[in-house]
Each structure stands twice: as structure tokens, then as C-alpha cells.
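Chemist: Next come the chains, spelled out residue by residue.
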Amino acid sequence: MSRIGVFVCHCGHNISQTVRVSELAHFAAGLPDVVVAKDYRFMCSTPGQDMIANDIREHRLDRVIVTACSPLMHEHTFRKVIEKAGLNQYLLTIVNIREQVSWVTDDIEEGTAKAKALLNGAVYRARLLAPLSSRVIDVNSDVMVVGGGIAGIQAALELANTGKKVYLVEKNSTIGGHMAQFDKTFPTLDCSACILTPKMDAVLQHPNITLLTYCEVSEVKGYVGNFDITVRQKARYVNHDKCNACLACTEKCPGKGISGWDEGLIKRKAIHIPFPQAVPQRPVIDRDSCTYFLKGKCRLCEKVCEQKAIDFEQHDSFLNFKVGAVIVATGYDLMDTRPLIQYGYGKYPGVYHALEVERLFNSAGPTSGKVTMRDGKEPQAIAILHCVGSRDKNNYEHCSRVCCMYSLKFAHLFREKTSADVYQLYIDIRAAGKGYEEFYNRIIEEDVKFIRGKGTRVAPSADEPQRLIVEAEDTITGKFVRLPVDMVVLSPAMVPRSDYKEIARLFNLSTDKNGFFMERHPKLAPLATMSEGIFIAGVCQSPKDIPDTVAQANGAAAEALTIVSRQKMELEATTAMVNPASCCGCQNCVRVCPYGAPFFNEQKGVSEINEALCKGCGLCASVCPSSAIIARHFTNEQVLAEMEGLMEF
Amino acid sequence: MTDFKQIENNLKKEAKKLLESAEVPVVLAYTRGYDEKHPMPFAAKSVADVEKIVFNEYCNFNMARYIMRFPDAAKIAIAAKAADSRALVVLIQEEKVRREDLVILGIPASGMKDPKTDQLIDSRTTGGLYNPVEYDILLGEEIRGQKTVSPYAVLADYEAMDKEARWAFWKGQLDKCIRCYACRKACPMCYCDPCFIDQNKPRWADKAPQSPGNMMYHLTRFHHLAGRCIDCGECSRACPVGIPLYLFHKKVAKECEEMFGQAAGMKLEDKPVLVDFRVEDSDQILK
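For the protein sequence lines, the chains are A and B, in the order given.
Under numbering that gives the first Met the number 0, think of the first position of the first sequence as 0, with each following residue one higher.
Under numbering that gives the first Met the number 0, think of the first position of the second sequence as 0, with each following residue one higher.
It should be emphasised that the hints constitute simulated quantities derived from the structure, not laboratory data.
Hints should not be assumed to be uniformly reliable.
[What the hints assert, rightly or not] List of simulated lysine to aspartate or glutamate pairs, EDC-like, C-alpha gap at most 16 Å:
#1 B:LYS95 - A:GLU601
#2 A:LYS500 - B:ASP280
#3 B:LYS200 - A:GLU636
#4 B:LYS266 - B:ASP135
#5 A:LYS183 - A:ASP391
#6 A:LYS453 - A:ASP391
#7 A:LYS603 - B:ASP71
#8 A:LYS251 - A:GLU305
#9 A:LYS603 - B:GLU94
#10 A:LYS500 - B:ASP282
#11 A:LYS512 - B:ASP282
#12 A:LYS603 - B:ASP192
#13 A:LYS500 - B:GLU279
[What the hints assert, rightly or not] According to the in silico footprint, chain B covers these stretches of chain A (three or more CB under 8 Å from chain B):
#14 498 to 505
#15 587 to 593
#16 628 to 639
[Stated by the list, open to error] Over the 10 Å line for every Cβ pair with chain A, so calculated as not near, a few chain B residues:
#17 LYS4
#18 ALA42
#19 SER45
#20 PHE69
#21 GLU93
#22 LEU154
#23 ALA159
#24 LYS162
#25 LYS170
#26 PRO193
#27 PHE221
#28 GLU268
Here a beta-carbon is modelled for each residue, glycine too, at the ideal position from N, C-alpha and C.
Only chain B is shown next, with the shape it has when bound in the complex (with noise of 0.2 Å):
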């Protein structure tokens, strides 16, 4: 189990080091919110807020979300825990970010828990790596040893569902959706401005939260995904009605594995898999 008062120090020592020789404007890091259990995104722009930060097993969310709050910073350091850099590594290859002007914080981590239902955060709805694929400083000792289970393996009951009972699976789950767009506002890959969903012309879909509407976002919201979600889960976290959206998007990660060979932000040197063209790509999809 990881020692999460260690990373906390190492978090606040290398922060402090980066502030104090003014190497980076800003680091990304987290804070306490209203408990322990609900730590808050913080972004320490000074020595003294070094202090506020802190580190534990609820600290969930994808920091890479932030990365863009702070056009003016010439440098960010951001922690960032496995699905955090591997959503930085997406953020590089789409030139939202250059790997230069990030100094990333790698923190290994395993038995983060979800505060809603104190459960383990595993594969089953993430990515289930424990190590960052990216960074420049590892804030802990490198986890080896741990088991390892496919993130798709978690798909076996969805696949086992023909086409009908699918749409109704999703049908049922998606009329749920209160269209808060909490999945969107978690997401780092959904930086959108302004999102297809806001726009009035053409109005793609009723934004009522009713059933069409609802489809729509969600599934072109999946589309949007398809080959850049880094499954870190956070979407399905923060939707305050349950719904599963990371079945979907685990089913189309391993559809692109299956047919590129590439899993999304794993290496700096891959490209956006739905926008680049090999010879010999898949046609699989044509079929």
C-alpha cells in the first residue's frame, strides 16, 4: 500500500524547491476541501500555499484537467498520479501542452478509494496502472509486484449483450443523465470551447434532459473519446446519478487497441490514433 503522508511530503519539498527558485510559476497539485475526504484541485502560485497542499487515497482527480487554466505560465509542474500522465501524454501529442513547459510530479499510487462508496479504485473502472507513464520526478518508490488485470476485463458482462440489449442497457442508463455535464467538466480530454453541445447553430441536439438529448451528448461525447480516452475514470466519478460511462468508453479503448495497437496516451511518441493514417491500419472498421 502506498505511504500517502510520504508522497505528501516529497509533494511539498519538490513544490517548494520548484517555487522557491522560480522554475515554475505554478504547481498543480491538491488541497483539503470541506474533509479529509474531499480533497480540491489547487494550484500552489507561492512558497506560503505550499503548506495547503496535501496528498491521500481520495485525491482522484485528473489534474491534466487543468493544465490550460494557466496560458500565461511559461512552466507548470503537475502532480500527476498513472491516468494523470497519461492524459498529459494525450495533452502533448495534441500540442495542447509542450512536454517542454511541464515539470511532471510522477506519484505511484495504489488503493486510491472513490469518498462516495469507499471503495478501491482499481481497473475496474480505470486504467489500472499504478505508475505514471511520464514524469520528470518520481515522488515514491516505483510499484512493482502488484497484479495486474486487463482494464477490459470489466467488459465481459457488457459484451455478452446483443445489440438490442445494449441499447437498452444504455438506453435506461443515459435517461438517468441530469445533464449536468459533470463527466464533461472531469474529463481531461474535453476541452472543447465552446462544446458541440452548447452551440446553437447548428443545434445538434435538444439540451433538455430528456432521452434524444441525452443520446446524443453522451454518444457523440463518446465519439469524441474514441482512441483518446485515458480511462482514468473520472467521468463515471463524478456523475452524480451512476452512470457507468466508463464501460463505454472501455469498449471503444479496446476496439482502437485491438485495431491500431495502441492504447491512448502511453507513448509520447504515438500519434491521435483517429487522425493519423498508416498503410497499414486496420480496415476492419470499413467492414
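Looking at chain A on its own, in the form it has when it is part of the complex (with noise of 0.2 Å):
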């Protein structure tokens, strides 16, 4: 026999509206075994949880259910509230009714009786609840962040400044990320590099920091505070501990590659470093444009090296490290354009995307900063399309958020190095940050033309060879225009990098619909994710810019802080476990489990499962053919009960 209390919450209108609670109580105060059952206007308050406390000891109650908010709300604040009056914590059930009722009707009745079953199906299952108590484990104290642009080099440096040991894992062969690319940044236009690379050389010289460039995450296990990464260190064939950096090598190197780091528009040696200020300054071979790994002989970087630091023989390595939390900051990439033909990027060699054309800007880059086209031409006419793939419904609904900023900033600097005219193609200009509309103002003032009208085409121009044809309709006169431009300069959506499947799947992380990551909530957890101890910054969240994304940045740091400046830290008691003599040693379990916490014992010929791996989701025993596995707090008894509670209706 238990003592059941049910407390039916209102939670203001958003249940009572669809539910009628006062029936919903005086239902369950009819059921077996319920000994009290109330509702109340909001029973998270502290009035409401006084309620439930008082009720516990004036009733002896063994069982609570609390039918309110989806338990991620307040099934932590409720499991305090029965803990203080003296029940185990995992006495408690939840019933969420209002995402899974109240808010998904409009039907009165339709609510009322789902609650109903609901209800009923809590206090089947509640019976036969039984006492758990919590883990405590050790919590390791170091974090990685994995990505090395401007989100990834902040939270390093913040968590390396509280004392944390850091690891800064980075797939290309220098930090710095897009923001090195750039030239100047808005609204200030400070030069990007001045601002970066000293973070980045902080990095590099920072003691607390472990700097894994050339890297990438090749598999994660373990838990929040426990954390067993495995990373894929590729092979540069370069030993970068002998190296010194002469880049004699680069000089003689014979072989050609496209510069990814250019944006494609000069080629660079097979053996390089992307840019003159990288960290760390060690070259890396690519081989795919090695004439070593292309035809069998050259060598040359090898003689000419006097360190001895080139090593052909160098494989991919694999680097094992533990740590307590972790801060995915994998940034974007721009949207591919090729598919929308109208714009003609691929075709026509006047099309430039937007990183091509900070490459253009930069001094650093394949012009030495000087604006010249492909053809080696100085344009007389630019138009910066704006919203090219975003804010479409054909490709992604979005806004990319930083396009309007930067073409206004390549306006201004197309003007300041030539003598072009320079057109702005907008749906509306979106300047909505500190110094940003006057920004906006200042352009304006620079003889820029705006057309308010989205790009339609572009085609080349019938009596000029040479020059393009820019389609639009400018939606305040009305009047369709066409602009004989030397050079186009589209703004394309800025999408999440390309391998952002993979990283989703290896920290359990979930997407949006265009592959942004999800944080825990969009208001109020912004960059936790639902996978716990993992948190997100910069634009793999969404597009942002460079000072919100430095904002998240330290945002992330603080909270991975939170995790590990910990020493020991609670775990949910809701772990599965095997019964021996159920177990047909099929090994389902060890196969399906995200965590690696089933492990198959050869010589019982049984599975067992390691509690400290752990996480309680239950995959191994929805997946265990003779039902050896239990899950504790969701066995199959209890499971079965609910649901057979939940169909008596």
C-alpha cells in the first residue's frame, strides 16, 4: 500500500485554459491509493512547495506526483522539495502536462481526459517506485575547446587565465580561423589581423594551453566531468619539435595546391604555412600537391632542411586525452553559390564571394591588398548582393546577420582603395548592434549607391564583353534596373561547416534544421547543449558576429568553469544494470550504447555495465532480448504499469 499526493498546478493559465485542473484533482483523489490530491495556481512557488512539504508529513505520503511542466523545468526543484520533508528524491514523479497536453490543444476536453490518463498511468507507476541514492564522482579539471577560430581562442584563454589546463584542438595547420582572413572588421574597421594575433600568440605562449593544430576529434566517451577524447593528430611531415621555421623549404618546394586559405584565388606550395603571422609557425605538406607523394620522387624540402625536420614516413596519430567539459566552437562555413545559377558564381570570373573578397582587401592575401580582379583589371563598377541564399525560402530561411555589416564595409573600402562606383543591393539594411546604424549612416555619406531590391541575375553584358549585367527591381521607385558592373560581390548564407554532421554525432549534440547546433534553451541556456558538460560558442550556434561571438566565448568558459572547478560532482542515480542470470550474452547492449558502459564479461558470458559510464537513457535495455537488463527508476515493471494505467482510459 503507498500514500499517493498528487498536486495538480495551474501554472497560471498555460494549463488551466486547456485543462480543468480543479476536475483533474478531484479525479485523482479518487484513485487507489492517493491519500491527497490539490491543485494550485503555480506549485513551483515557494507557497506551492510549502504546500507539498506540509501535505508529506501531515498525510505520510511515500509517493508524490507533481502534474505540472516537462520535468527539465522543475523536476529538480520538486525532488528538493520532497528530499527537505524527508523522501528519497526518486519517489517523485513528474507528469508533464502542459508540453504534452496544455499546449499542444485547444480542446478543453481533449485535455482534460489526456491528463486524466496521464495521471492515472503516474500513479500506477509511482507504486512501484523504490529509493535510489545519487553517485558522486571525481570531476577532471581540464576542458577542450574544439575549434580554434576567434570563439574557440577566447574561451581557451579565459579558462587557461583561471588556472584550467586547456586544450585547443584546430582541424587546419594554424589557429585564427575566418577572423584571420579578414582585413578590417566593422563597425570600427580595426584591422582584424592587429587585433587577432596577439590573442593568438597568447595561445601559443600560454602555459595553461596545449595546442593541438592539425587535429580533429576522432571519437568521445565517457560523461560530463569525465570525458575520454580521442584525437586524430594528421600527419604534417613536418616535425614540428626540430623545425625552425627558416621556410627554406616553402621557397624550393616545386609542387602547387589551391590556397584554401585564399579562398582558392592563388595557388600556394605543397609544402606552406597558410599566412605569414600563423600559429604555430610551422609549416605542413599537403600532399595532395606534393610532387613527392604525386609522382615518387622530389624530396626537396628534405634537402634543403638543414634541421632535418621533414619526416615523409610520418603517419596520422591518435592522442588520448580526459577532461571534464568541453566547448564546441566549429564555426561556419559560406553557403556554396554554384548551385544558384542566376548569380553566375563559377561562370563568370567578375563573381566574387565574400571571403574572396576580404582575401582581396587584405594585405596579407593574393593581391597584396590591392583591389585587382582576375583578370588583373582595377573594377570601375562593383554590386554587393545582399541576402544571397539567406532569407530565401528556396534555400535558407536564416539571416546571416553579419552580410549587411560587412558589404557595408567592403563598400567603404572599395571606395577608399578605387575609384569604382559601388552599389548596394538589399532587401533591408539590418544594423541593429553598438555603433552599427552609424556605421550605416557613414556609408551612406560616402556616395555608395543603394537600390533597395534583392539581385535577381546576373548575366554578361551584351555590348561590353567583359562586363556583367546586375538584374534587379528597385523596390522604391519601382522601377527594374540594370547595372553594367566590372565586378559582383555576393553575400552568401553562412551555413554550418561542412562536417557538422560528424561533430553532432560525436558529442551527442542535436541541430536545427539548417545544422546550427541546439542549445539547451534558446533564451535561458543559450549555450549549454542537451548533452551535459558540452557547451557552444560562435556561429556553429548561429551567425553572429565577432563581439557576440567573443561574448559567447567567455560565456561558454564560465559555464565549462562551472563543471570543472568542481571536485566531485552528483550524478543521476538512474543507471541500468544486468541480471546475470537473464543475460543471453548477445551483446546488444555493448553495441548500441553512446556511453561504451556495457562491456560483455568472456568468462561469466554475460554483459555487465560500468555505473560510472553510465547515463541511464535506457537504449541497452529497450534493446535486451531476454529483458536482463534493468533500468533502474524506468524498469520494465514500472514502464509496463504506467502504461497499463495510461490505457485504462
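Fit the two chains together into the complex; they arrive one by one in their own frames, and the hints show the way.
Modeler: Printed below as a string of C-alpha cells:
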């Protein structure tokens, strides 16, 4: 015999609008074993909590059911309430009648009926609940930051400055990310390298940061406080301990590859550093363009290297790190605009995308900062097309947020460096940020021609070969315009890195429809994810500018610190266990577990579960054909009883 | 048509060699039952046993069923027709036995017959393969040039039924079940001990041979065999009341193959399809 108390929350009107809450409480009072049932406006408020605690004492309750919002919101709150009143915290059941009932219907009959069914199931389940004790685990105090752009750099530095050890993983051969490709940054027009390279250098010099460039995460095991991460160090074919960065090799190398750093605008050597301020200042050999790897002989770099640092025998190696928390800051790619054939990118040499233009402006770029086009000429007229692929139902619906501002910056730089006419073709200018509207006004003054209308088509000019015609509708005058220009700059949608799916899989992250990583809560937990101990920062979460990215990075560092600054932490007691008498040794559990908790005991011929690794997701219990696995707090009996209760309706 | 006598002789010859040299302590094959038409599974453990080995068109039993009966044997030789070899592949994938602990005596066979009806056993009730997919020694000529019929062709009538008709069909069929569990006994993939249906806590289903319990037993068994059933058809032949269990297994196998591009037990390097995850896996199952 259980003594169950049922507490029905109105959540203001959130629940009471579509569920007759007092009827629900009355219904609960009539169920077997329920000794008290009450409804209240805000069960999570202090009077609501006190009511539960008092009733536990007064009615000697041994089970508590709260029918309210999702357990994600207040399970913790109510567990603490019943624990304070002397009950084991796992003797609580939450029935979610908000997200699962009142918010998904307008029909009060339907809502009330479903709430009753769920509540009935919960009463059946509550009877079978057993007290459990939480586990306390040790927490590893190190942090891994994945992605060495400005977000990763900032987060790594913040954490390292608090004394924590940080592993910064970057897949390129240098850190810096996209910000290092830029020339100037809006709205202040300060030089990007000037503000970024000190931070890059600080990373290199910091005693608490282990820099892992040319590395990719290949496996993630473990759980909050105790991640066990394998990183693949890609072969550089250069021994970085021996290399003294004389760069004699890069001078002699005959291999030519396409420079990803310069967005393919020029070629670079097979052995190369991406740019002069690269960190670390050490070259790598690109297999795909290296003469030795392609043709089997050359090895000129090896001959000129006085340090004997070239090592063609190098292989990818795997490094293992144990950390307490992870910050994912993998950044973005620009959308591939070639499929948007109306803009002719990739077909007409005069069409550029935004990152290419950044490189043209950059003094370390392919043209040493001179604005010359692929044919070597300086453009006389330039059209900048906003919202290419973004704010577009056919491609990406999201606004990429920074394009308006960098397009204004481009206009300014074009006006400064060339005598060209600059046209902005925009839907509307979004300049919401500190100093952004002022920057917009400044550019208007600079004789830049604004045409409110989306560029619809780019086509070669019939009269002047070499030139392009940009077509658009000027929605202010209502007229159709055809602009003869030399250069077209596309501002493409910002999209997640092409390998976002792999990263999401490795770290167990969910993504939105465009592939940006999902935060735990869009407003109140924008940096946390549904995976405990894994945080996100920067554009991998959604498009944003540098100030917002840096702010997020600092925030993510602080969030990671809340975990790694503790020595111990309490974990859920809801883990799985194997009943060896029933185990048939099929090892399904071993195969499906995302955390590597079950393992096969060859001697006994049965599976066992490492409880320290178990997150209690229940996957193993559901694939166990002989029901040998018991998921605590969600045992077969409890789940079946709940279903029985549900199906009485 | 396969020369069964020649295969029997080869089987005896190889079994003798293996037992004589003590390379294996057990050879799993067939022996005569109460008559020619009813051979039995047989474990030859000595050279003297070899003479008792038979092989004829009625040797249908899936010998992979018996592989786990000899935990002490370091190595086992097993006579394996096409379906048996596929079952062995699944058992190897599921780590119930190691490939290096097996000597697979592959038997290419066409013209196998059901002793009950004397009808040919073909792709209607089995996977319809003639040659073993995995073997160490092949005991006859590989069979080539036979016409191949998709093992799923027989599903045409079944698939023409709508949801209600299928439910009614299975309800009618499964109501016949007397819960003798012969299907489970014949199945090389049913190795769970205890089977879910024998458990008391929780009691997943009623144990009496009545409709709801029958449904629960068979539907759960179908589900447990999804992506694992190698379509030997033994369950249906073992069934004393003639339930066409193969239809459901074939249907599920077909969906698995369409969704994940892999049929059970065809390649050693495949992973068990329902407990493996690939990013490019079909999401259809969620729709």
C-alpha cells in the first residue's frame, strides 16, 4: 500500500486554460492509494512547495506526483522539496501536462481527458518506484575546446587564465579561423589581424594551453566531468619539434596546390604555412599537391632542411585526452553559391563571394591588398548583392546577421581603395549593434549607391564583353534596373561547417534544420546543450558577429568552469544494471550504448555495466531481447504498469 | 540436381580426416532418423561415428542451431548448406562463435525437399540460395546457372493486403498456435536463455495458447529476429499447425534490406543491422 499525494499545477493560465485542473485533482483523489490531491496556481512557487512539504508530513506520504510542466524544468525543484520533507528524491513522479497536454491542444475536453490518462499511468508507476541513492563522481579539471577560431581562442584563453588546463583542437594547420582571413572589421574598421594575432600568440605562449593544430576529434567517450576524447593528429610530414621555421623548404618546393586560406584565388606551395602570422609558425605538407606523394620523387624540402625536420614517414597518430568539459566552437562555412546559377558564381570570373573579397583587401592576401580582379584589372563598377541564399525560402530562411554590415564595410573599402562606383542591392539594412547604425550612416555619406531590391540575376553584358549586368527591382522607385558592373560580390548565407553532422554525432548534439547546433534553451541556456558538460559558442550555434561570438566564448568558458571548478559532482542514480541470470550474451547492449558503459564478461558469458559511464538513457534495456537489463527508475515493471494505467482510458 | 550420395561421401571423408587428425573434437552433420525421410542432427565425435553420417534431400535442419551446444570444444566442424552458412555468419557477427573456431564444410545443394509434403524447398519459403556464403571446404561442385528467384517474390499476395486484412490474416494464423515453441527450437538465431516469453517478472505475455499471448509471443519474436533472420524457413517447417511464419520474416527482411542495404548473414564484415548506427542510415523508420 502506497500513500500517494497528487499536486496539480495551473501554471497560471498555461495549463488551466485547456485542462480543468480542479476536476483533475478531484479525479486523482478518487484513485486507489491517493490520500491527498490538490491543485494550485503555481506549484513551483514557495507556497506551492510548502504545501507539498506540509502534506508529506501531515499525510505521511511516501510517493509524490506533481502534474505540471516538463521534468526538464522543475523535476530538480520538486526533488529537493520532497527530499527536505524526508522522502527519497526518486519517489517523485512528474506528469507533464503542459508541453504534452495543454500546449498541444485547444480543446479543454481532450486536454482534460489526456491529463487524466497520464495521471492514472503515473499513479500506477508511482506505486512501484524505489528509493535510489545518487552517485558522487570525481571531476576532471581540464577542458577541451574544439575549433581554433576567435570563439575557441577566446574561450581557451579565459579558461587558461583561471588556471585550468585547456586543450585547443584545430583542424587547420593554424589557429585564427575566419577572422584571420579578414582585413578590417566593422564598424570600427580596426585591422583584424592586429586585434587577433596577439590573442593567437597568447594561446601559443600560455603555459596552460596545449595547442593541437592539424587535429580532429575522432572519438568521444565518457560523460560530464570525465570525458575521454581521442584526437587524430593528421600527418604533417614535418617534425614540428625540430623545425625552426626558416621556411627554406617553402621557397624551394615545386608542388603547387590551391590555397584554401586565400579562398582558392591563388596557388600555394605543397609545403606551406597558410599566412605569415600563422600559429604555430610551422609548415605542413599537403599530400594532394606534393610532388613526392604524387610522382614518387622530389623530396627537395628534405634536402634544404638543415634541421632534418622533414619526415615523409609520418603517419596520422591518435592522442588521448581526459577532460571534464568541452566547448564546441566549430564555426561556419559560406554557402556554396554555385548551384544558384542566376548569380553565375564559378561561371563568370567577375563574380566573387564575400570571403574572396576579404582576401583581396588583405595586405597578406593574393593581391597584397590591391583590389584587382582575376583578369588583373581594377573594377570600375561593383555591385554587392545581399542575402544570397539567406532570407530565401528556396535555400536558407535564416538571416546571416553579419552580411549587411560587412557589405557596408566592403563598400567603404572599395571606395577607399578604388575609384569604382559601388552599388548595394539589399532587402533591408539590418544594423542592430553598437555603433552599427552610425556606421551605416557614415557609408551613406560616402557616395555608395543603395538600391532596395534583391539582385535577381547576373548576366554577361551584350554590348561590352568583360562586363556584367546585374538585374534587380528597385522597390523604392518600383522600377526594374540593369546595372553594368565589372565586379559582383555575393554575400552568401552562413551555414554550419560541412562536417557538422560528424561533430554532432561525436558530441551527441542536436541540430536545427540548417545544421546549427541546438542550445539547451534558446533564451535561458544558449550555450549549454542537451549533452551535459558540452557547451557551444560562436557561429556553430547560429550566425553572429565577432563581438557576440567573443561574448559567447566567455560565457561558455564560465559555464565550463562551473563544472571543472568542482572536484566532485552528483550524478543521477538512474543507471542500468544487468541481471546475469537472464543475460543471453547477445551483446546488443555493448553495441548500442553511446557511452561505452556495457562490456562483455567473456568468462561469465554475460554483459556487465560500468555504472560510472552509464547515463541511464535506457537504450540497452530496450534492445535486450531477454530483458536482462534493468534500467533503474524505468524498470520494465514500472513502464508496463504506467502503460497499463494509461490504457485504462 | 545435386548428387546427394557424392556429398554424403565427401562429408564422411572430410569428417574422418578432421576427427582422425584430432583437428576438431566434433563434426556437426546429419544421421538417419526413424526412416530415410527423417534424418536427425548428429554430432560425430569419433571416427567410428563417421559411418553414421548421412546426407540426403531431407537434411533441412539448420545445423547452426547446435553450434553453441559444445562450449568445451576448441573447434567445431559443421556441415553447412547455404542457409546454415548464413546463420553461422550472423552468429559470428554476434560474437557467439569465432570464425577461427569453425571448420565450415560447405554444401552446395539444390532439390532439398520438405519431408511432410515432398515439395521442393525453394525461394518461396527460404532465401533461395544454393551455395554456402562462407565455407572452408566445399563438398561438391558450386551450383551455377540455376534460375534465381527473389526470396521476396512470394510476398506479392501478402503485400497486396491492407493493414486490416494483414491484421486479420495474422490473427487467424497465430490463433492456431499451440505454443509448442518448435519455431524457437528450430531457429538458429533464437539462442536467448531465458526467452522473454518464459520470464515471470515481468510476465510479458500470457503463457496459455490463446490469442493475446500468442500475438505477443510471435510479434515479439518477429521483432527480435528483424535484420537477423537468414530466411532458412525452418521455423515454418517445424510448425506442427502450419503457420507461414516465413512470410513475416521475409517481409521484415525485405524492409531491412531496402532501408539499410544489407541482408542478414551475407558478409562476415557486416554489422548486425539493428544495433549498428551509420550517419547515412535511412530515417524512414522514424516516419
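Chemist: Now look at each hint and say whether the structure bears it out.
Modeler: So, going through the hints one by one against the coordinates:
1. For the suggested pair B:LYS95 and A:GLU601, the alpha carbons sit about 11 Å apart, so the restraint of at most 16 Å is met.
2. Of the supplied pair hints, the one linking A:LYS500 and B:ASP280 holds, its CA atoms being roughly 13 Å apart against a limit of 16 Å.
3. A C-alpha spacing of about 8 Å is found between B:LYS200 and A:GLU636, which places the hinted pair at or below 16 Å, so the restraint holds.
4. For a cut-off of 16 Å, the pair hint linking B:LYS266 to B:ASP135 stands: about 15 Å separates their Cα positions.
5. Our distance criterion of 16 Å between C-alpha atoms is broken by A:LYS183 and A:ASP391, whose separation comes to about 28 Å.
6. The straight-line distance between the Cα atoms of A:LYS453 and A:ASP391 is roughly 11 Å, inside the 16 Å bound, and the hint therefore holds.
7. Of the supplied pair hints, the one linking A:LYS603 and B:ASP71 holds, its CA atoms being roughly 14 Å apart against a limit of 16 Å.
8. About 13 Å separates the Cα atoms of A:LYS251 and A:GLU305, which keeps this hinted pair within 16 Å; it holds.
9. For the hint pairing A:LYS603 with B:GLU94, the CA-to-CA distance comes to about 14 Å; that is within 16 Å, so the pair holds.
10. Distance restraint check for A:LYS500 and B:ASP282: the Cα-Cα separation of roughly 14 Å lies within the 16 Å cut-off, and the hinted pair is therefore satisfied.
11. With a C-alpha separation of about 15 Å, the suggested pairing of A:LYS512 with B:ASP282 holds against the 16 Å cut-off.
12. Straight-line distance between C-alpha atoms of A:LYS603 and B:ASP192 comes to about 14 Å, which keeps the hinted pair within the 16 Å bound.
13. Restraint check for A:LYS500 and B:GLU279: the C-alpha separation of about 10 Å stays at or below 16 Å, so the hint holds.
14. Counting residues of the stretch 498 to 505 of chain A whose beta carbon lies closer than 8 Å to any beta carbon of chain B gives 3, which meets the minimum of three for the stated coverage.
15. Evaluation of the coverage hint for the stretch 587 to 593 of chain A: fulfilled, as 3 residues show C-beta separations to chain B shorter than 8 Å, against a requirement of three.
16. Remark: the stretch 628 to 639 of chain A is confirmed as covered by chain B, as 3 of its residues place a Cβ nearer than 8 Å to a Cβ of that chain, reaching the required three.
17. For B:LYS4, the non-interface assignment is confirmed: its Cβ lies about 39 Å from the closest Cβ of chain A, beyond the 10 Å cut-off.
18. Residue-level check passed: B:ALA42 sits 21 Å from the nearest beta carbon of chain A, beyond 10 Å.
19. Remark: the non-interface label on B:SER45 is consistent with the geometry, its nearest Cβ contact in chain A lying 28 Å away (cut-off 10 Å).
20. Every beta carbon of chain A lies more than 10 Å from that of B:PHE69, the smallest distance being close to 14 Å; the non-interface claim holds.
21. Against the 10 Å criterion, B:GLU93 falls within the reach of chain A, whose nearest CB is about 6 Å from its own CB.
22. At the 10 Å boundary, the C-beta of B:LEU154 stays outside the reach of chain A, the nearest C-beta of that chain being 25 Å off.
23. For B:ALA159, the shortest C-beta to C-beta distance to chain A comes to about 32 Å, beyond the 10 Å cut-off, and the non-interface label holds.
24. The beta carbon of B:LYS162 is kept farther than 10 Å from every beta carbon of chain A, the shortest such distance being approximately 20 Å.
25. For B:LYS170, the condition that its CB be more than 10 Å from all CB atoms of chain A holds, with the nearest at approximately 19 Å.
26. Remark: the non-interface label on B:PRO193 conflicts with the geometry, its nearest Cβ contact in chain A lying 6 Å away (cut-off 10 Å).
27. No Cβ of chain A comes within 10 Å of the Cβ of B:PHE221; the nearest lies about 12 Å off, and the non-interface call holds.
28. No Cβ of chain A comes within 10 Å of the Cβ of B:GLU268; the nearest lies about 15 Å off, and the non-interface call holds.
Figure legend: structure checked against the earlier numbered hints; hints not met, in rising order: 5, 21, 26.
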